[in-house]
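S.K.: Listed here are the chains, written in short residue letters.
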Amino acid sequence: EVQLVESGGGLVQPGRSMKLSCAASGFTFNNYDMAWVCQAPKKGLEWVATISYDGSSTYYRDSVKGRFTISRDNAKSTLYLQMDSLRSEDTATYYCARRAYYAPYFDYWGQGVMVTVSS
Amino acid sequence: IQLTQSPSLLSASVGDRVTLSCKGSQNINNYLAWYQQKLGEAPKLLIYNTNSLQTGIPSRFSGSGSGTDYTLTISSLQPEDVATYFCYQYNNGNTFGAGTKLELK
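Just so you know, the sequences run in chain order A and B. Counting from 1, position 52 in the first sequence corresponds to residue 52 in our numbering; the numbering is continuous, with no gaps. Counting from 1, position 33 in the second sequence corresponds to residue 152 in our numbering; the numbering is continuous, with no gaps.
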């Protein structure tokens, strides 16, 4: 069974940093591109970043370029999102998602972790 | 590409045939998926590539459309279908619609 379990969220002050983790199991992690998708309170979903199966390529939405870094450790089957210079508008639930094999849509999602940016 | 979902809120009765709409600001070329999100849960993939049913999803869910206009249909609404439904395009970049909240009448 595919499982994605996020951790590392919480309350953080504006301008500070936070690192999210996503532990994957139930599939061969290093065969799949992975992504982070966020959902602000009572809002829709927004793609944040994607990383290729081997970590060689990364992609970001414009609003997080230069502030967020997506990475992965295939030996640990873990995905990360380093978030720096956090802003109040980054407040959201962050979901780890698996991109379907050789396909650009997401087929499995984690339960999500809440990040609140506030002083 | 912007996605507009309608209606934003839909009330229907058990057994009803329900149709949800998703319109793109440009041609999506059938690269469209639908997700179901129940309260407090992660999104679940229902349909991909416009009309392909994800493994394990009940056959009462179906997708159709072309160009800029796409539809998710539930042939006979069940109580467990109460959720918010999002469309997602991956033809040009990737964007989600704002969602349609489906509730029981």
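Please keep in mind that the hints were generated in silico from the structure rather than gathered at the bench. Using N, Cα and C, we set each Cβ at its ideal position, and we do this for glycine too. Wrong hints could be hidden among the right ones.
What the hints assert, rightly or not - Here are the computed lysine-lysine pairs in the DSS-like style, where the Cα-Cα straight-line distance is at most 25 Å:
hint, chain 1, residue 1, chain 2, residue 2
1, B, K220, A, K42
2, A, K19, B, K142
3, B, K142, A, K43
4, B, K142, B, K220
As the list claims (entries may be wrong) - Residues of chain B clear of chain A, computed beta-carbon distances all greater than 10 Å:
hint, residue
5, K142
6, E160
7, L164
8, N170
9, Q173
10, S178
11, Q197
12, N213
13, T214
14, L223
S.K.: Decide, hint by hint, whether the structure agrees.
M.R.: Do the hints match the structure? See the list:
1. Restraint check for K220 (chain B) and K42 (chain A): satisfied, since their Cα atoms lie roughly 12 Å apart, inside the 25 Å limit.
2. A hinted pair counts as satisfied when its Cα atoms are at most 25 Å apart, and K19 (chain A) with K142 (chain B) does not qualify at roughly 36 Å.
3. For the given pair, K142 (chain B) sits about 18 Å from K43 (chain A) by alpha-carbon distance, which is consistent with the 25 Å threshold.
4. Of the supplied pair hints, the one linking K142 (chain B) and K220 (chain B) holds, its CA atoms being roughly 16 Å apart against a limit of 25 Å.
5. Distance check on K142 (chain B): its Cβ is at least 15 Å (rounded) from any Cβ of chain A, clearing the 10 Å threshold; non-interface status holds.
6. Look at E160 (chain B): its CB is around 7 Å from the nearest CB on chain A, not clear of 10 Å, so calling it non-interface is violated.
7. With a minimum CB-CB distance of about 5 Å to chain A, L164 (chain B) fails to clear the 10 Å threshold, and the non-interface call is violated.
8. For N170 (chain B), the condition that its CB be more than 10 Å from all CB atoms of chain A holds, with the nearest at approximately 13 Å.
9. With a minimum CB-CB distance of about 7 Å to chain A, Q173 (chain B) fails to clear the 10 Å threshold, and the non-interface call is violated.
10. In this structure S178 (chain B) is separated from chain A by more than 10 Å, as the shortest Cβ-Cβ distance comes to about 18 Å.
11. Against the 10 Å criterion, Q197 (chain B) stays outside the reach of chain A, whose nearest CB is about 22 Å from its own CB.
12. With a cut of 10 Å on Cβ distances, N213 (chain B) falls inside the contact zone with chain A, its closest approach being about 5 Å.
13. Under the 10 Å C-beta cut-off, the non-interface status given to T214 (chain B) relative to chain A is violated; the minimum distance is some 7 Å.
14. Interface exclusion of L223 (chain B) from chain A stands, the closest Cβ pair being 21 Å apart, more than 10 Å.
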